[in-house]
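A.B. asks: Full structure from sequences and hints, please.
Protein chains: 2
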Amino acid sequence: MPEALEILKSHTRPVTESFIVPVWESPDHVLAKDVHAPFDWPPRHKSAYDGYAVRSSDTPGKLKLVGEAVIGTSDVGIKIGEGEAVYVTTGAYLPDGADAVVPEEKVVVEDGYIIVKDKIEPHQYIDPRGSITRKGQLLAKRGQLLTVYDVVGLLEVAVTEVEVYRKVRVAIISTGNELIVPSDPISTQMKVYKGKVVATTGGLLEAFIYEYLPWVEIVDSVLLPDNKEAVAWYIKHLLDNVDVVLLTGGTGPSNIDLFYQLKDDIGGELLFRGLFVKGGRPTSAFIVGNKPIIGLSGYPLSALHGFIRLVYPYLRYLGNVEKGAPPLYIVDAVLTDSIKAGRPRPIKVRVEYRDGVYYATPLNKVYQLSSANVGLVLANGIAFTGAENLKPGDKIPVLLYRDPIGRKYPV
Amino acid sequence: MPEALEILKSHTRPVTESFIVPVWESPDHVLAKDVHAPFDWPPRHKSAYDGYAVRSSDTPGKLKLVGEAVIGTSDVGIKIGEGEAVYVTTGAYLPDGADAVVPEEKVVVEDGYIIVKDKIEPHQYIDPRGSITRKGQLLAKRGQLLTVYDVVGLLEVAVTEVEVYRKVRVAIISTGNELIVPSDPISTQMKVYKGKVVATTGGLLEAFIYEYLPWVEIVDSVLLPDNKEAVAWYIKHLLDNVDVVLLTGGTGPSNIDLFYQLKDDIGGELLFRGLFVKGGRPTSAFIVGNKPIIGLSGYPLSALHGFIRLVYPYLRYLGNVEKGAPPLYIVDAVLTDSIKAGRPRPIKVRVEYRDGVYYATPLNKVYQLSSANVGLVLANGIAFTGAENLKPGDKIPVLLYRDPIGRKYPV
Numbered sequence: 000m001p002e003a004l005e006i007l008k009s010h011t012r013p014v015t016e017s018f019i020v021p022v023w024e025s026p027d028h029v030l031a032k033d034v035h036a037p038f039d040w041p042p043r044h045k046s047a048y049d050g051y052a053v054r055s056s057d058t059p060g061k062l063k064l065v066g067e068a069v070i071g072t073s074d075v076g077i078k079i080g081e082g083e084a085v086y087v088t089t090g091a092y093l094p095d096g097a098d099a100v101v102p103e104e105k106v107v108v109e110d111g112y113i114i115v116k117d118k119i120e121p122h123q124y125i126d127p128r129g130s131i132t133r134k135g136q137l138l139a140k141r142g143q144l145l146t147v148y149d150v151v152g153l154l155e156v157a158v159t160e161v162e163v164y165r166k167v168r169v170a171i172i173s174t175g176n177e178l179i180v181p182s183d184p185i186s187t188q189m190k191v192y193k194g195k196v197v198a199t200t201g202g203l204l205e206a207f208i209y210e211y212l213p214w215v216e217i218v219d220s221v222l223l224p225d226n227k228e229a230v231a232w233y234i235k236h237l238l239d240n241v242d243v244v245l246l247t248g249g250t251g252p253s254n255i256d257l258f259y260q261l262k263d264d265i266g267g268e269l270l271f272r273g274l275f276v277k278g279g280r281p282t283s284a285f286i287v288g289n290k291p292i293i294g295l296s297g298y299p300l301s302a303l304h305g306f307i308r309l310v311y312p313y314l315r316y317l318g319n320v321e322k323g324a325p326p327l328y329i330v331d332a333v334l335t336d337s338i339k340a341g342r343p344r345p346i347k348v349r350v351e352y353r354d355g356v357y358y359a360t361p362l363n364k365v366y367q368l369s370s371a372n373v374g375l376v377l378a379n380g381i382a383f384t385g386a387e388n389l390k391p392g393d394k395i396p397v398l399l400y401r402d403p404i405g406r407k408y409p410v
Numbered sequence: 000m001p002e003a004l005e006i007l008k009s010h011t012r013p014v015t016e017s018f019i020v021p022v023w024e025s026p027d028h029v030l031a032k033d034v035h036a037p038f039d040w041p042p043r044h045k046s047a048y049d050g051y052a053v054r055s056s057d058t059p060g061k062l063k064l065v066g067e068a069v070i071g072t073s074d075v076g077i078k079i080g081e082g083e084a085v086y087v088t089t090g091a092y093l094p095d096g097a098d099a100v101v102p103e104e105k106v107v108v109e110d111g112y113i114i115v116k117d118k119i120e121p122h123q124y125i126d127p128r129g130s131i132t133r134k135g136q137l138l139a140k141r142g143q144l145l146t147v148y149d150v151v152g153l154l155e156v157a158v159t160e161v162e163v164y165r166k167v168r169v170a171i172i173s174t175g176n177e178l179i180v181p182s183d184p185i186s187t188q189m190k191v192y193k194g195k196v197v198a199t200t201g202g203l204l205e206a207f208i209y210e211y212l213p214w215v216e217i218v219d220s221v222l223l224p225d226n227k228e229a230v231a232w233y234i235k236h237l238l239d240n241v242d243v244v245l246l247t248g249g250t251g252p253s254n255i256d257l258f259y260q261l262k263d264d265i266g267g268e269l270l271f272r273g274l275f276v277k278g279g280r281p282t283s284a285f286i287v288g289n290k291p292i293i294g295l296s297g298y299p300l301s302a303l304h305g306f307i308r309l310v311y312p313y314l315r316y317l318g319n320v321e322k323g324a325p326p327l328y329i330v331d332a333v334l335t336d337s338i339k340a341g342r343p344r345p346i347k348v349r350v351e352y353r354d355g356v357y358y359a360t361p362l363n364k365v366y367q368l369s370s371a372n373v374g375l376v377l378a379n380g381i382a383f384t385g386a387e388n389l390k391p392g393d394k395i396p397v398l399l400y401r402d403p404i405g406r407k408y409p410v
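Sequence lines, in order, name chains A and B. For the first sequence, numbering that gives the first Met the number 0 assigns the number 0 to the initial residue and increments by one for each residue that follows. For the second sequence, numbering that gives the first Met the number 0 assigns the number 0 to the initial residue and increments by one for each residue that follows.
Keep in mind the hints are simulated off the structure, nothing from the lab. Don't take each hint at face value.
Here are the computed lysine-lysine pairs in the DSBU-like style, where the Cα-Cα straight-line distance is at most 30 Å [to be verified]:
#1 Lys-32/A to Lys-407/B
#2 Lys-134/B to Lys-193/A
#3 Lys-290/B to Lys-322/A
#4 Lys-105/A to Lys-227/B
#5 Lys-32/A to Lys-364/B
#6 Lys-364/A to Lys-118/B
#7 Lys-290/B to Lys-140/A
#8 Lys-394/B to Lys-390/A
#9 Lys-118/A to Lys-364/B
#10 Lys-394/B to Lys-32/B
#11 Lys-32/B to Lys-61/B
#12 Lys-140/B to Lys-407/A
#13 Lys-140/A to Lys-63/A
C.D. replies: Structure below.
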């Protein structure tokens, strides 16, 4: 796999087109430029409490109330002199002259005056100017995927625009003559009973991309008959508008045929084929110009397996994602049963959380078949095997696709 | 918190309305009825290989090719008798009479005949009828949140409809006179510089709900001025159409005022107030009829904290979610620094993954301020403290909101 990834990378380049967006429209995009603080923050002393803005040198003492400044006030317009105080709310900018706040509960109010018993130190109970960020300070680096958490943080310090890369554009083509798009429940049930298969592999990849690869835009997702000319024609017309084509099903020898068809039509080159071969369903890649067409299994879980191992890191590369991506929910679980060596393959497991440890129990053998995805309804995790025999007690990475048994929320 | 949760539960009941949907429209809904397998699956013997369907009793031997059956064929329409074979593809139903398959690579084809050298056992290289599920077998229980993984699994065994609950309906009201909705980047920057605050708390809660509570529908999310009459009026008119109102900001004494305003207008009862008080920003609840209005902090992270600890489990309860929810990405991380005891509060941390262990390092103190959400841009996790002092080496639950440093993907 690492080699396949390197081959794909060496034939293609990450996205370079970028544009400027308001911060509130930036989530799910990757920063194309570092972000620096535009101002010292806060730009003025800010109250950290509801209370009274004062000159600390006047405390303790009896101070005259000369006004108020509430949070969100655009212009304070008040200045305090010796022996004066101004009522402020949490988050409000202090009036000129004030260098500290006395919290409400620490004063006695009397006839337009406040009595402060304690000595208040300079900058006490306030966020002083520039105490949170300094103008020019690096806040986020090129390559960070932006999320709603960044929106919250950046807007607070008055960063309102950022430069981001355009999204990576992917098309998904599902092929297979046995596949159908569901219509109504009853006729769909009849068709499935008679041997048709509802096309779900493309939908599973789409859902995974929505969840974990928000920097990727799915520009098309179609079901085509398993006909080389039709698929080749479709791909040829897609290529201008996408960075990568994912092709599920029709792998194996006919996949190679398809790739030769493409070669005849528009040129191109086979990069590799037959990774993760299990039941004759390889992960392959062909390249036309600088646009790879990656062939995945037609089986939903096998396709997802190839996607996670190869396509996921490749799409991170294409999208310039250095950090900040939604974390894949992979736990290192303790196996409770053995798994025989073989080609790397996904194993449907039931994950339980007990005393701080995740335990993974493979479902019965019958549910491990590529044709027994009903196991996905019963399981909550997918374990990724390597090439070795595994025994109870060994640790294995597991993708949790729903909540583990026994993990209590809230924290 | 557990008490507050129990109070909310004791005043309200989970959603009972349910309806039937096609399985492909079921993701993000919770099962209202158990799902059983409608048929033995597969309903006929199914080939597990590309090869030849045979009567195992005829092997080894020379068999006459009498037809083919490919995957997806609605009607096989072929029957094999003694000494006959039919070409089949993986996943195809076997013709009547056949009870096993000989994989392609194990035969020699010759003039309309195949020569099988090995003895093939009954059911070898096939998925026998009923081997994956038996008619009536329980596949998923009431209370399971359905996902795309269930769609894949259920459609495969011809489950095409399910009964699900309607979603839980939530409205989010953000209040605060200092809050603004952003317009264009430049004037927004100027307003923030002058002391206004862009309203992001509601958006953060919305994003969290979209990610982790897909069984919840956000029917409204508005910003209102911090005016008791306006907020009370709005809530009063919302109540018929929602199960829960979340109110961010305007907490503290004015929240109570609001609640009394509601009491005057439409009746109701204060359930509790002042949970997680930190800087005077309580989590409170009021109930009108059986509709709770839950007050959260106006500070984004404090609101999220209250949401995760109280509202998350409550919305699971209202939505009948027993299992299958997107797992909250909470890791038990080893602290690298100390955290002082105090009210439970969220701590912005940087999480690193090293040799199978997550380490959490709190950001500098200044970034822990409620008014320093810029820390969210620098951090990747939110640690949840309890009431005790914590020292380096202690374990602490951390919500990872983006990928941990040093965790390599793919698996």
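A.B. asks: For each hint, tell me whether it holds in the structure or not.
C.D. replies: Okay, the hints, checked on the actual structure:
no., hint, verdict
1, Lys-32/A to Lys-407/B, "holds, 24 Å"
2, Lys-134/B to Lys-193/A, "holds, 16 Å"
3, Lys-290/B to Lys-322/A, "violated, 41 Å"
4, Lys-105/A to Lys-227/B, "holds, 28 Å"
5, Lys-32/A to Lys-364/B, "holds, 27 Å"
6, Lys-364/A to Lys-118/B, "holds, 24 Å"
7, Lys-290/B to Lys-140/A, "violated, 45 Å"
8, Lys-394/B to Lys-390/A, "holds, 28 Å"
9, Lys-118/A to Lys-364/B, "holds, 24 Å"
10, Lys-394/B to Lys-32/B, "violated, 40 Å"
11, Lys-32/B to Lys-61/B, "violated, 52 Å"
12, Lys-140/B to Lys-407/A, "holds, 19 Å"
13, Lys-140/A to Lys-63/A, "violated, 48 Å"
The structure fails to meet hints 3, 7, 10, 11, 13 from the earlier list, while all remaining hints are met.
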